[in-house]
Structures are given as structure tokens and as C-alpha cells.
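Asks: One letter stands for each residue in the lines below.
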Amino acid sequence: MRILVVEDDKDVAAFVVKGLKEAGHAVEHTDNGRDGLFLAASENFDAIILDRMLPGGIDGLRLLETLRAQDNITPVLFLSALGAVDDRVKGLKAGGDDYLTKPFAFAELLARVEALTRRGKTDGPATKLAVGDLEMDLLSRSVRRGTQKIELQPREFRLLEYLMRHAGQVVTRTMLLEGVWDYHFDPQTNVIDVHISRLRQKIDKPFEQPLLHTVRNAGYMLRAEEP
Amino acid sequence: MPARRQSATNQTVIRHRRLLRPLVRSAGVRFALAYALVFGVSAFILAFSIWYSTLGLLQRQVEAEVRADEFALLEHQEIGGMGALTMAIANRMDDPSNANAIYLLVDQTGRPVIGNLDSWPRGLASTQVWYELPVRRQGVASVAVMRADLFPDGSHLLVGRDVQARAELRQILRDALIWAFGIMVALGAFGALLIRSLFRRVFQDVAETTRAISRGELSRRVPISGVGDEFDELAVVINDMLERLGRLMDGVRQVSNAIAHDLRTPVARARTRLEDASLHARSPEAMSAAIERAILDLDGITGIFDALLRIAEIEAGSRRAAFADIDLAPMLRDMDELYGAVAEEQGMKLITEINGPLPITGDRQLVQQAVANLLDNALKFSPPQGQIMFQAWRREQVVEIIIADRGPGIAEKDRVRATERFYRGEAARNTQGSGLGLSLVAAVAQLHGGTLYLGDSRSGGEAAPGLRAVLSLPARPVR
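In order, the protein sequence lines correspond to chains A and B.
Per our numbering, residue 1 is the first one in the first sequence, and the count goes up by one each step.
Per our numbering, residue 1 is the first one in the second sequence, and the count goes up by one each step.
Same shape as in the complex, but just chain A (with noise of 0.2 Å):
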């Protein structure tokens, strides 16, 4: 994936750059808005990570906002010291897909970004979700795996959906906790795990091979093989 990141700070755009190219993507960056702007609204790129205070004349906010004007729907992702509800709200509005705020674990970022790209991909209204021998279906919210019925909760059939609108991907805590709960916050409990860890009771346990993997230090997995 070709990814622009917009982010003045040194250190933190060296630690996203690198990491996004050990991910295997293809990383172009710009420490300035105006230089944001032209990347973005010239070339074409899978995603953009766009820091909201740059200097330049042009921050964050109105950099989107311009995009979004030229019909410009590359997904955004905001990176923002700016923490607050409001602060949020307001980078959703102006046309921003996500919001991370700083600072943040690369793993989260990661997972995040490659969320968003996907996201983009299967916009078609898919009725089937398939991945190795796990089916399910939209309409009649029944799973199977294999030749077998699975019987879930409406909210495990709920996550096991969006964990499989993720298949390969990593999934963080914080993205089921936005995605499937609409959970905006931390709780101090670990309230996914035991979720995950009873939906894999359901989908994994009876048979041989696991299809929902923990990625340590990040989330989890929805995957047909070992790669």
C-alpha cells in the first residue's frame, strides 16, 4: 500500500515511516501542510496519516477539508496530540475516516491504517463473509463452519462480522471496543478478551484448526492459515 504521512515532529514521523515500511508498505512523507496538500491532491495514495497541528500555514484540518472538496476520498487518518471529544468530533467532521490520539502504540496505528484501506475495498453490500471454512451470512445471521451450525449471541455474531470484514488483519481491543460496542474509552477491565476468548469457544474449540489468533502487544486476528 502507498502511504502519505503528514507529521512535523522528527521522531514520531522516523518511528511511523519505519514502521510502516517494515510492514511493507510504501511510505511517502512530508513535514509541512502545503507540501501535505500538493502529495496528496497530486498522487495517489492508499491512506494518509495527517498530524492536525503542522506548520506551513495549512494545518491538518484544513489540508482534509480541501481534499474532501476536490472529491478527494483517500481515507484519513488523524494522529493528534488533541485529545479532547471535541477535538475528535471535529477531524470526523471535517472528512477524517479515524482518529488516534497521540501517544499512541504503533501496533494501534498500524492496525488502524490497514483497517482504513480495507474499509475502502469492500464497500459493495456483501451478503457472505468467508474466511478458510467459516461462512457467514448477512441475511439470515447464521454461521457455519464446515458442514457445522454455529449458534451465537446477536453481539458475538457482531463481532465475529467485524473481525471477519477484518480477516488478516489485526484487530486492536480499542477498534472492537469503537467498532462493535461504540465504546469511545478505555475500560479498566478487560472486557474483550473474555469476549474473544468465548467466541473462540464457539468458532475455534470443536474443531482442528484456530482461525482467531492473539497478536501479542496488539489485538487479534481473524485468519484461515499461518502464513
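Hint data in this document are derived by calculation from the structure and do not stem from the laboratory.
Owing to the predicted nature of the structure, the values given are computational and were not obtained by experimental measurement.
Please note that a few of the clues may not be correct.
Derived list of chain A stretches under chain B, where covered just means 3 residues or more per stretch with a C-beta under 8 Å from a C-beta of chain B [to be verified]: (1) 160–174; (2) 184–192.
Only part of the chain A face toward chain B is listed, based on derived beta-carbon distances under 10 Å [to be verified]: (3) 89; (4) 93; (5) 94; (6) 217.
Built from N, CA and C at the ideal position, the CB exists for glycine as well.
Dock chain B against chain A, hints included.
Replies: Same frame as chain A, now just chain B:
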């Protein structure tokens, strides 16, 4: 030189203005002037009414006497003729108690027949009309109130009273009233000055206190005279305000101390780990493990910052703009499902009773976070196999969300402080947490105009008191 002189005169002008302006601007002077004005006007009205009623009464009395006298004399004339009249007048003039009476009978040619006036007063032309004219009595000038009558034979009778004494009385009264008025004005001015100095004293107290406080003497208070008057009331109100501000200041200081302290601990921990790793780590694995732990510590610090910012944001009330009409019941059922599994995993039981709908006007996310904090606490402090009650219902105008555990609870004396930032109860000292959870719940309750009540959840013979937290939010009236 001329320039300097000019500036000097300018300065005097300014100084004059400075002297004058405070006098006009002073509330004390204004009150004093108003007082003097009211006092003076009332004194004037009083004096005027005394003047008017006293002299008016005298006048009426004199007129009544003259009338009676005149009537009696006319009767004498009617019964006994002119001779009887002359005799009656002579009798009256002999009566020493009648010294002020004035009589004059003249014949048709205008020659006096009998009487105590030297001549017919000039200007007295009509009969049956009241006159007040200067007269001469045995060569002495005086003033008299009189009436005249005409008899059929053409002679005239004049009856009157000498009112020279009344004129003197009027003079005395006027002098007295002028004096009294002068004294009253003096008293009014004195009272005004008194009021002004009283004002000054009180406001000086307040001004001095506030000045001292802005200098940093936060313990200063407005002195109370103990009389219990309005000034004391004002002083009490101001002192209450200062007390509250002082408490807030203490709170801020406490919070900043707590921030410094509570952040120092995890920073120290992270630092120790990193230093230890850089000095002693024998393998790359040990090194990266230490670094990972340090990152967790740093994340903890970020979490504290986030929570503090959140609470500050809520307390500032800015989130009220995002209020919407919502039903809490589905959200609470979601939370029950989310936390029920966790409780079960830990061998506990979440006993839930949610009676919807629970309509409120508020911020769904904030209420969610508040309830999550309460559930987190309950899970954290419950003993294994403990039961946690999670109830929500609408009671008249209030939506109540109740979370009760069987944990160690919060001692009664600590409950007030439990919602302070960074406060950690005795039982919580050794558990994980920042001491900000209940602060946030309280802030959310306050933002919604609701309350957070903390109490015992013990119902019978349980050993542990447990904590019963009741989050009450005003219900939205359903149409």
C-alpha cells in the same frame, strides 16, 4: 519653562479632579447626600405644617370671638337701642380680661361715640367683611382683625381684636422654625457624614480583606461586628465565598500535588525498569521485556492524563452542547452483556434488573463511561463468587442506576472525599487504579444535574459492607 509651567497647572487641575471625583463617585457620599435630602425635606414639611396649623388656628379663634362679640352687641342694640349698646361696649371695655378687644361706635357723621380706637381705620369701607388693618389705640400703633356693621340710623359699629400679639408670635415661631431648620440641616449633615463613615468602615473592611487575599493572604476574612446587621450578613456571605474559594484553591493545589505525586510513581517505575534493563539486561529478550513494561507504565500515565482532561472537560460543562434525548435502557443492557461475561469469567455474578424505558437528556458516551467506571470498580473490589447488583429504573422524575457490590466498601468518613481526584480509599491502596474513576462519575452526574450517592450495600448479616453506588439523573418527561 512655559511647557513645564503648563504641565504643572495641568497637574493641579488633575489633582483637583482627583479630589472631586472620588467625592462624587463615593457611594458613601451619595448615600449621605440622599439621607440629608430626605431628612431636610421632612424637616421642612414638619416646620411648615406646624407654622400653618398654629397660625391658622389662632386666626380662626380670633374670628370666632369677634363674631360672638359682634352678635351679642347687635342683640343689645336691638333690644335696648343705642343706649344699651353704648353701655354694653363700655362694660366690655372695662373688663380687664378683654384687653385685646377693639370697639368703635361712630355716628352718622363719622364722629366716635364710644370705643378704644382713636379713629375709624382707613381702608375699612364695607360692612360684614373681615379686615386686618393697622390701627392706633390710644396713640399706640397696632394691628387688628375687624368687622363693621351699619345701623338703621346711619351709625357704624366696629368690633375687632388686637392681633399684635399674634404677629409677634408669628415672628417668634418663624425665628424658632428657622433655627430648628438650621439645626436639622446640621444634624442631617452630621448624620450623612456618620453614614458615610459607617459605609467607609464596612467597605474598607471588605476592601482590605480582598486586597490582602489578592496579595496571597488567603486566610484573611472580613471582620464581623457581631451586631447581626446587614453589614454582618454581607460579611458572612463574603466570608462564605472566600471559604469556598479557599477550598477550591486547596483542591487545585491538592490535585496538582497529587498529579505530581501520582505521576511520579509510574514515571519512577518506568525509569527504574529502563535503567535496570540498560545496566543489567543479559539478553535481548530481557531488554525488550523491560522496555515493554516501561511502555505499559507510560501508557498508564497517559491514561491518567486522559482521565484528568476528561473530568476537566466535563466539569467545564462544554459537553452540554452535545446533549441529546436518549433512552439509557438499551445502552445499559449492552453494558450488562459486556460486563456480565467478565463477571462470570471471574466467578462472580452480575444480577441485572433494567426497567426501561429510561429517557434522559444527556451525553450517552459520558453516562456509558460513568456506568463503566462503577462496574469496573464493582468487579475490581468484589470478592470471588461475589454478587454484583446492577439495577436501573425510573422513579418519578429521576432515572436511577444502582450498582452494589459485596466488597470492602468505603468507610463512611471517607465517602465525601471518595469523589475527589486521586483519592484512594484504605481498601484501594493496594489495587490498580488512578483514583479518578469516581471523580469522573461525580462529574458526569453533576453535568447532567444529577447526583452520585455512595452508601452501604449491606442488607443483613454479610461481613463486608460493600459499596452501593446510586447514579441519579433527571428523567426526561415523556409526552
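Asks: With reference to the structure, classify each hint as holding or not holding.
Replies: Hints and how they fare:
Look at the stretch 160–174 of chain A against chain B: 0 of its residues bring a Cβ nearer than 8 Å to a Cβ of that chain, fewer than three, so the hint is violated. With a threshold of 8 Å between beta carbons, the proposed coverage of the stretch 184–192 of chain A by chain B holds, since 8 of its residues qualify and at least three are required. Interface restraint check: residue 89 of chain A against chain B, minimum CB-CB distance 8 Å, threshold 10 Å, status holds. The beta carbon of residue 93 of chain A is not positioned within 10 Å of any beta carbon in chain B (closest approach about 12 Å), and the interface hint is therefore violated.
Hint status for residue 94 of chain A: violated, given a least beta-carbon distance of 17 Å to chain B, over 10 Å. A cut of 10 Å between beta carbons decides the hint on residue 217 of chain A: the least distance to chain B is about 7 Å, and the hint holds.
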